[in-house]
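Trainee: Top to bottom, those sequences are chains A and B. All residue numbers for the first sequence refer to the numbering used here, where the first residue is 1 and numbers rise by one. All residue numbers for the second sequence refer to the numbering used here, where the first residue is 1 and numbers rise by one.
These are computed hints drawn from the structure, not numbers from a lab. It is possible that part of the hints are untrue.
A pair holds if it fits inside one copy or across any two, identical chains being indistinguishable in the list.
When the alpha-carbon atoms are kept at most 16 angstroms apart in a straight line, the in silico EDC-like pairs for lysine to aspartate or glutamate are as follows [as the list claims (entries may be wrong)]:
| hint | residue 1 | residue 2 |
| --- | --- | --- |
| 1 | K498 | D393 |
| 2 | K105 | D138 |
| 3 | K4 | D219 |
| 4 | K498 | E454 |
| 5 | K498 | D436 |
| 6 | K4 | E359 |
| 7 | K477 | E487 |
| 8 | K4 | D317 |
| 9 | K477 | D462 |
| 10 | K4 | D383 |
| 11 | K390 | E509 |
| 12 | K390 | D436 |
Protein chains: 2
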Amino acid sequence: MTAKPNILFIMADQLRADYLACNGHPSIRTPHIDALAARGINFTRAYCQAPVCGPSRMSFYTGRYAASHGASYNNVPLRVDERTLGDHLRPHGYRVALVGKTHMKRDDEGMAHLGISPDSSRGVLVSQCGFEPFERDDGLHPDQSADPDLRYNQYLRCQGYDSRNPWHDYANSAEDDDGNILSGWHMRHCHRPIRVREEHSETAYTTNRAMDFIDEAGDTPWCLHLSYIKPHWPYMAPAPYHNMYGQEDIPHAIRSEQERVAPHPVVDAFMQHSESREFARDEVRQRVIPTYMGLITQLDDHIGRLMGFLEERGQLDNTLIVVTSDHGDYLGDHWLGEKELFHESSARIPMIVVDPRHEADATRGTRDERLVEAIDLVPTFIDAASGNSKALDHRLEGRSLQPVVNGQSGEWRTHAFSESDYAWRPARLALQLPPDQAKAYMVTDGRWKYIHYEQHRPQLFDLQNDPEELHDLVPDKAHDEVCRRMEATLYDWCRERKLRVTVSNQRIESNTDTAHQRGYLFGIW
Amino acid sequence: MTAKPNILFIMADQLRADYLACNGHPSIRTPHIDALAARGINFTRAYCQAPVCGPSRMSFYTGRYAASHGASYNNVPLRVDERTLGDHLRPHGYRVALVGKTHMKRDDEGMAHLGISPDSSRGVLVSQCGFEPFERDDGLHPDQSADPDLRYNQYLRCQGYDSRNPWHDYANSAEDDDGNILSGWHMRHCHRPIRVREEHSETAYTTNRAMDFIDEAGDTPWCLHLSYIKPHWPYMAPAPYHNMYGQEDIPHAIRSEQERVAPHPVVDAFMQHSESREFARDEVRQRVIPTYMGLITQLDDHIGRLMGFLEERGQLDNTLIVVTSDHGDYLGDHWLGEKELFHESSARIPMIVVDPRHEADATRGTRDERLVEAIDLVPTFIDAASGNSKALDHRLEGRSLQPVVNGQSGEWRTHAFSESDYAWRPARLALQLPPDQAKAYMVTDGRWKYIHYEQHRPQLFDLQNDPEELHDLVPDKAHDEVCRRMEATLYDWCRERKLRVTVSNQRIESNTDTAHQRGYLFGIW
Chain A
1 MTAKPNILFI MADQLRADYL ACNGHPSIRT PHIDALAARG INFTRAYCQA PVCGPSRMSF
61 YTGRYAASHG ASYNNVPLRV DERTLGDHLR PHGYRVALVG KTHMKRDDEG MAHLGISPDS
121 SRGVLVSQCG FEPFERDDGL HPDQSADPDL RYNQYLRCQG YDSRNPWHDY ANSAEDDDGN
181 ILSGWHMRHC HRPIRVREEH SETAYTTNRA MDFIDEAGDT PWCLHLSYIK PHWPYMAPAP
241 YHNMYGQEDI PHAIRSEQER VAPHPVVDAF MQHSESREFA RDEVRQRVIP TYMGLITQLD
301 DHIGRLMGFL EERGQLDNTL IVVTSDHGDY LGDHWLGEKE LFHESSARIP MIVVDPRHEA
361 DATRGTRDER LVEAIDLVPT FIDAASGNSK ALDHRLEGRS LQPVVNGQSG EWRTHAFSES
421 DYAWRPARLA LQLPPDQAKA YMVTDGRWKY IHYEQHRPQL FDLQNDPEEL HDLVPDKAHD
481 EVCRRMEATL YDWCRERKLR VTVSNQRIES NTDTAHQRGY LFGIW
Chain B
1 MTAKPNILFI MADQLRADYL ACNGHPSIRT PHIDALAARG INFTRAYCQA PVCGPSRMSF
61 YTGRYAASHG ASYNNVPLRV DERTLGDHLR PHGYRVALVG KTHMKRDDEG MAHLGISPDS
121 SRGVLVSQCG FEPFERDDGL HPDQSADPDL RYNQYLRCQG YDSRNPWHDY ANSAEDDDGN
181 ILSGWHMRHC HRPIRVREEH SETAYTTNRA MDFIDEAGDT PWCLHLSYIK PHWPYMAPAP
241 YHNMYGQEDI PHAIRSEQER VAPHPVVDAF MQHSESREFA RDEVRQRVIP TYMGLITQLD
301 DHIGRLMGFL EERGQLDNTL IVVTSDHGDY LGDHWLGEKE LFHESSARIP MIVVDPRHEA
361 DATRGTRDER LVEAIDLVPT FIDAASGNSK ALDHRLEGRS LQPVVNGQSG EWRTHAFSES
421 DYAWRPARLA LQLPPDQAKA YMVTDGRWKY IHYEQHRPQL FDLQNDPEEL HDLVPDKAHD
481 EVCRRMEATL YDWCRERKLR VTVSNQRIES NTDTAHQRGY LFGIW
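So that you can see chain A by itself, here it is in the shape it has in the complex (with noise of 0.2 angstroms):
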């Protein structure tokens, strides 16, 4: 191991912490994730900063809670001064890159006020919050808008799948018994095997990309955000993942009659959603759960064959690896679909730490119940390139693992954190909020989950005696003391925000009480 180990930062997208068999899952097969779990540490209490794609990864790239970074949904521009990730490790002599996805969406407004060419090498980073865009494929390409330049499309038409978007019709669509094209946008087709065979699919694309960009990274340190886009929708797996799992193998949904009896107002709002509808529905379930594990099991397989070819490359042991997702995703669970809300479903997100290092030992293999959060890689990675996370304090929100890791005790974080802006959803208009009042945050310190929503009460869960959250307590207001104290904790986080970023924590150290030696002669007499 050199001082400078290469990170592997692997993101699958709306996987969920307990689709894993290494976090509990009764049926599921993830032997290479498991094999991961067993050489590192596994967060078990991992959040993301918001349970949906764009703000969560803006918070896994910044270090910084959705507040902070201001990015609080999809497609909304990260600001072009927010640093990521790659501004951070670069400086170390890192290579940052990215292969997949990062829902990231320029700030063409900010730049053209800043006069920053999107094509020159600034511009580029700008765009691809920090990252070298060795392959950026944010996997979403309805006909609409799609790019029938896009590298995998070209690749796929290399391979004989002749179409504008190959994405959509052969890597996302399924076949009827007459070779009628089905989409996989409609969750009624998801349990036939798309178009591509396995190894042309997505993630085995991806993969191999992945490995690309390794080897042409050579001896240079870096760090690839490997960053998968399934098992996110359309939920749609090749042969032989799409038939790998049966309704025998589906947990049961996490739900109960009494949420729709008196649901809370909000999530109601979310409950009327086409997704939740169709995921409150066992048909749904049955034809999507299926295909969505078994798109995890093809994507446990290829993160074996990495490791497989990290290992004949001699640098599995070079290699600081992590496991995670930007979020999880309701399956039906709580009469819901997709994600948004907080439910450990939607909020809770798989986190597996690989340090080769020698000072890790004592954690290897090792499950840890801390309140770990999303924003914690980026001073993890920037310690690990023996950077120093602590004098960006005054940026970023997060804590480095890496104490964690070598087994160090010491004081750790009470509370975790995770917000919604839910200003673009239906909710929103069922719900008539302007578009500043949707948001919604959630705060946990492990037994107890608060949620604030804005022009609504709050919600309480007991994860100790509720684990699967089905007992909203704050209707009952026998709780109300633990919800003035979350309360009380959430008003402290927000005033905590660090938005004072243009001057470091140390640096006011040092110029504390210098006026006077600088010349500033007040109140002297």
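With chain A's structure known, arrange chain B on it following the hints.
Mentor: Using the frame of chain A, we list chain B on its own:
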């Protein structure tokens, strides 16, 4: 009056709201400012967003609270992608210029990071918070960092004041009877006249430069930020203003012995600062305040001169005029010097708005007690320039004063806010706080003023029954319900900060629930 009135945005530095005759000062002479109040509307409950130059001004220029723009103290650079008055008015055809002080600190690191050259035209605007620096002069030039080529220094030299730093040696120094130079940095000298003739003093020079700009601008609509350094320290005035007022003209110090008996810990720490210890002494007040008043009357005279100039050029009826300041000056009130805390002496500011248009006739010559904030000026100016400040309500946190000026009724804000970040001050060290915990927040509803200090108990004052703020009501616990309400208001305010700045609310409205339309067919069977 054309559709595009000129905007004359006059700021004095450290001018207390109550040191104007039109605001009730018993002895000061400010006839020209009084005349403006008689021609316009005088807001008697206006607050700065931070009672210290830098952050207050950044709020004035961005229309955003200090918590939002992040430049929370002097010399904290404003983020390069914040938008300022110039950015907002220039698209409407305005020339937006600065004559005088901004206390803007350039974000060198941010500019370098984005490859913006400070010498480029964009770089200059980013460096000068969006103003064309027709004449920038922050007005404080200790020998340690004085620029001999400062334009005012050159000017003074041309007038025969020979020195490397004539700003200090002549314009802010006096002489004793033997001709020895007495530095204006020392308050003991401030009863003596400065060593330049009145017409060469800073206030006169700054006014001249404003006239130069107005002449140069010609028929182009302009917004001039005329930003005087005085009556800010060094408290040094030219003859005859240096001894125009005597001890009999000084208002009594607003303070009580009780305030020193059991002070709030943070206030106590500020009381130990040298400026507070000095201003607690009657000798200091008696020496400084007559000169402070003389500087204000001098300023008033030059504002009169400028009004004459505008009238002569036929521009008086075509120019929206604002007179305000960035914060007050304790001058020994509450046993404090300088500013930074939230008593009326420090946080309240003059705010006179003269709108020559017919629509404003209804309020001409009136006093208005509604709560006004510094951040209200940017939207007011945008609307005056035929812009639409509402369309910028994802960034702007102030409210356009236009409807109030036009005498329209309607709901108005219920609370005003101000913030303090005293990380750089000795008080932080005395209180043993880390740099990010030296923060305080003021909220007032006009009747009550509540102050939240991080790590210390709050304060509460009853502005109706105790307008001098001598009795902190928190220790006696008789007003816990008021405190709870104010704290809840502050919590709401924290969550309402506008940090999702890269997308407008209008765009959110038009993009709500459009994913399916754009081909992202999730949740479809």
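Trainee: State for each hint whether it applies.
Mentor: Status of each hint after checking the structure:
no.: 1; hint: K498 with D393; verdict: within (9 angstroms within a copy, 22 angstroms between copies)
no.: 2; hint: K105 with D138; verdict: within (11 angstroms within a copy, 39 angstroms between copies)
no.: 3; hint: K4 with D219; verdict: within (11 angstroms within a copy, 62 angstroms between copies)
no.: 4; hint: K498 with E454; verdict: between (22 angstroms within a copy, 15 angstroms between copies)
no.: 5; hint: K498 with D436; verdict: between (20 angstroms within a copy, 9 angstroms between copies)
no.: 6; hint: K4 with E359; verdict: within (15 angstroms within a copy, 68 angstroms between copies)
no.: 7; hint: K477 with E487; verdict: within (15 angstroms within a copy, 22 angstroms between copies)
no.: 8; hint: K4 with D317; verdict: within (12 angstroms within a copy, 68 angstroms between copies)
no.: 9; hint: K477 with D462; verdict: within (13 angstroms within a copy, 34 angstroms between copies)
no.: 10; hint: K4 with D383; verdict: within (10 angstroms within a copy, 55 angstroms between copies)
no.: 11; hint: K390 with E509; verdict: within (14 angstroms within a copy, 40 angstroms between copies)
no.: 12; hint: K390 with D436; verdict: between (33 angstroms within a copy, 14 angstroms between copies)
Violated hints are absent here; each numbered hint is respected by the structure.
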